[in-house]
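Colleague: Using the hints, position chain Y against chain V.
There are 2 protein chains.
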Amino acid sequence: MQLATGLDLEDFLIAPDPSAPRLTRAVEGLDQTGAPTALAVVEERPLTIYLNAQEIVTAMTIGDYPEYLALGFLKNQGMLLADDVVTGVDYDEELETVVVRTRRKTSYEEKLKKKTRTSGCAVGTVFGDMMEGLEGVTLPAGELRTSWLYALSAKINRTPSLYLEAGAIHGTVLCRQDRPLVYMEDVGRHNAVDKIAGWMVQTGEGAADKILYTTGRLTSEMVIKTAMMGIPVLASRSGFTAWGVEIARQVGLTLIGRMRGQRFVCLSGAERLVWDADPSAVPEEERKHRRKSAAE
Amino acid sequence: MQLATGLDLEDFLIAPDPSAPRLTRAVEGLDQTGAPTALAVVEERPLTIYLNAQEIVTAMTIGDYPEYLALGFLKNQGMLLADDVVTGVDYDEELETVVVRTRRKTSYEEKLKKKTRTSGCAVGTVFGDMMEGLEGVTLPAGELRTSWLYALSAKINRTPSLYLEAGAIHGTVLCRQDRPLVYMEDVGRHNAVDKIAGWMVQTGEGAADKILYTTGRLTSEMVIKTAMMGIPVLASRSGFTAWGVEIARQVGLTLIGRMRGQRFVCLSGAERLVWDADPSAVPEEERKHRRKSAAE
Chain V
1 MQLATGLDLE DFLIAPDPSA PRLTRAVEGL DQTGAPTALA VVEERPLTIY LNAQEIVTAM
61 TIGDYPEYLA LGFLKNQGML LADDVVTGVD YDEELETVVV RTRRKTSYEE KLKKKTRTSG
121 CAVGTVFGDM MEGLEGVTLP AGELRTSWLY ALSAKINRTP SLYLEAGAIH GTVLCRQDRP
181 LVYMEDVGRH NAVDKIAGWM VQTGEGAADK ILYTTGRLTS EMVIKTAMMG IPVLASRSGF
241 TAWGVEIARQ VGLTLIGRMR GQRFVCLSGA ERLVWDADPS AVPEEERKHR RKSAAE
Chain Y
1001 MQLATGLDLE DFLIAPDPSA PRLTRAVEGL DQTGAPTALA VVEERPLTIY LNAQEIVTAM
1061 TIGDYPEYLA LGFLKNQGML LADDVVTGVD YDEELETVVV RTRRKTSYEE KLKKKTRTSG
1121 CAVGTVFGDM MEGLEGVTLP AGELRTSWLY ALSAKINRTP SLYLEAGAIH GTVLCRQDRP
1181 LVYMEDVGRH NAVDKIAGWM VQTGEGAADK ILYTTGRLTS EMVIKTAMMG IPVLASRSGF
1241 TAWGVEIARQ VGLTLIGRMR GQRFVCLSGA ERLVWDADPS AVPEEERKHR RKSAAE
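These protein sequence lines map, in sequence, to chains V and Y. The first sequence begins at 1 in this note's numbering and counts up by one. The second sequence begins at 1001 in this note's numbering and counts up by one.
Bear in mind the hints are in silico, worked out from the structure with no lab data behind them. Just so you know, not all the hints are guaranteed correct.
[As the list claims (entries may be wrong)] From the derived model, a few chain V residues whose C-beta atoms are all more than 10 Å from chain Y: (1) ASP17; (2) SER19; (3) ASP31; (4) VAL85; (5) LEU95; (6) ARG103; (7) GLY142; (8) LEU181; (9) THR219; (10) PHE264.
[Claimed, not checked] Sample of chain V residues at the chain Y side, in silico, Cβ under 7 Å: (11) VAL27; (12) LEU30; (13) GLY34; (14) VAL41; (15) GLU43; (16) TYR50; (17) LEU164; (18) GLY167; (19) ALA168; (20) PHE240; (21) THR241; (22) VAL245; (23) ARG272; (24) VAL274; (25) TRP275; (26) PRO279.
Note that beta-carbon positions come from the ideal geometry of N, C-alpha and C, so glycine has one too.
Extracted from the complex, chain V is given alone in its bound form (with noise of 0.2 Å):
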């Protein structure tokens, strides 16, 4: 069969903008022979995140979408609840920070109060609400083709993009069958997620039909993450931890890792798949658009 490996740009609803000028900058160094060269390097900027008046985290980020990314990342710690009403959420570049204001007071913030008197860091807090926040959290069934998968890829990785650009990034994608809608970089890849997620929360998109695609590793947080967004598929380019591939069998998520050219690997859910593809029939990938370590 003939896979939909035609480049589309205008398939994507939100594509990478690597030329946007805040968020590279060419620096200048010498390479091995000593001659003068000059890099498009990304930027990395601190962003300070509220949950009304409670300051929760500060992420390293490249910068672009803030409010997604602080949506985002209150939606994937189970800190916004489907009831809460988001009233606002207020960006300020110069302070880098984002206030996101709910209309009553998040039993999260009484939480983490009560909780950080006597932890010190929310992290493990976080976390712990993380995995509180998965009970009960059951993945919608669904087919999954192989050639969607092997299409998405394809596509993803002729994107023009940052990593092409400047490398030292990482890409996550939402993406419905062979289509990717929402392509997210950023210098965490929990970032480039937390930025779907937002844009999910903000547009109300549903996630039932969706596979979320990732260039990064598929860890336990790249895991939790995906099943809290609802989403039933997380395939990567990238390898497993045996933590996140038992998390995802415990939720029923289809974890597709290791998936470059004709190759792939379920570790999870195989039984979405279904196989309408020909490994044998699939191009390998041209070395310009193989992913190298610059993003590890």
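Modeller: Relative to the frame of chain V, chain Y by itself:
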């Protein structure tokens, strides 16, 4: 000139142990043809670090050298000062905790208690402290021969490691001249660096004549940690972030990136470089030793 690229594991004080049963797990799944396959997958465990009675953070780690990780994390965060006397480091495998005890209550605990009452998470705080910690840091002068960089690259790529065994993991290596000394791996590149910092605290090993090699990106966090350790050179096969370069230039750190085969780029501290190797005489990386994006 002849490059010293011979691999002698005897050179290492600490080398990776890919065969350690606790660090990887065989996980079964399906490959792209639907055939059953089994992968070696790296472990990932939470480890909660305490400073005396104060819970500081929960790190996700592969689980080896928890004492070094705790010591190094606290040191690199500026929570353990030069004049703090460590009276004990107690790891509890069952509780997944490490408690670092100091003779006197560290100033950090009070500060943290005060800040977290209003901040909710120490991440921002901690980050602020790291930048504070950098004030007055001056890294020692010294020479960095390009032949050492090529030799280290070649040796480290061919050293048996969890990365070569299972992928999805970062490596960081403490080196002197062309000799790799301590090679730590972890699911988080910051953990691998912290474990090296902990080893240096424990052994009292000096930093002035060292080179830190990492598989990960040269982010602000990596540059700050290296400077906090007093190591004047940070080299990576991966790329840069703009803020990482900025901080490196502020503290006079030599920053080498995109180091692959014959190529590298120096974006800070080029004054330490001694050009004693002919790049064209350096063999390109063999495919099987080339790091792929599995650790992204």
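Colleague: Evaluate each hint against the coordinates.
Modeller: Hint-by-hint comparison with the structure:
no.	hint	verdict
1	ASP17	17 Å, holds
2	SER19	16 Å, holds
3	ASP31	6 Å, violated
4	VAL85	21 Å, holds
5	LEU95	12 Å, holds
6	ARG103	20 Å, holds
7	GLY142	18 Å, holds
8	LEU181	22 Å, holds
9	THR219	6 Å, violated
10	PHE264	5 Å, violated
11	VAL27	5 Å, holds
12	LEU30	5 Å, holds
13	GLY34	6 Å, holds
14	VAL41	5 Å, holds
15	GLU43	5 Å, holds
16	TYR50	9 Å, violated
17	LEU164	12 Å, violated
18	GLY167	4 Å, holds
19	ALA168	3 Å, holds
20	PHE240	5 Å, holds
21	THR241	4 Å, holds
22	VAL245	5 Å, holds
23	ARG272	12 Å, violated
24	VAL274	11 Å, violated
25	TRP275	6 Å, holds
26	PRO279	5 Å, holds
Consistency note: the structure conflicts with the earlier hints numbered 3, 9, 10, 16, 17, 23 and 24.
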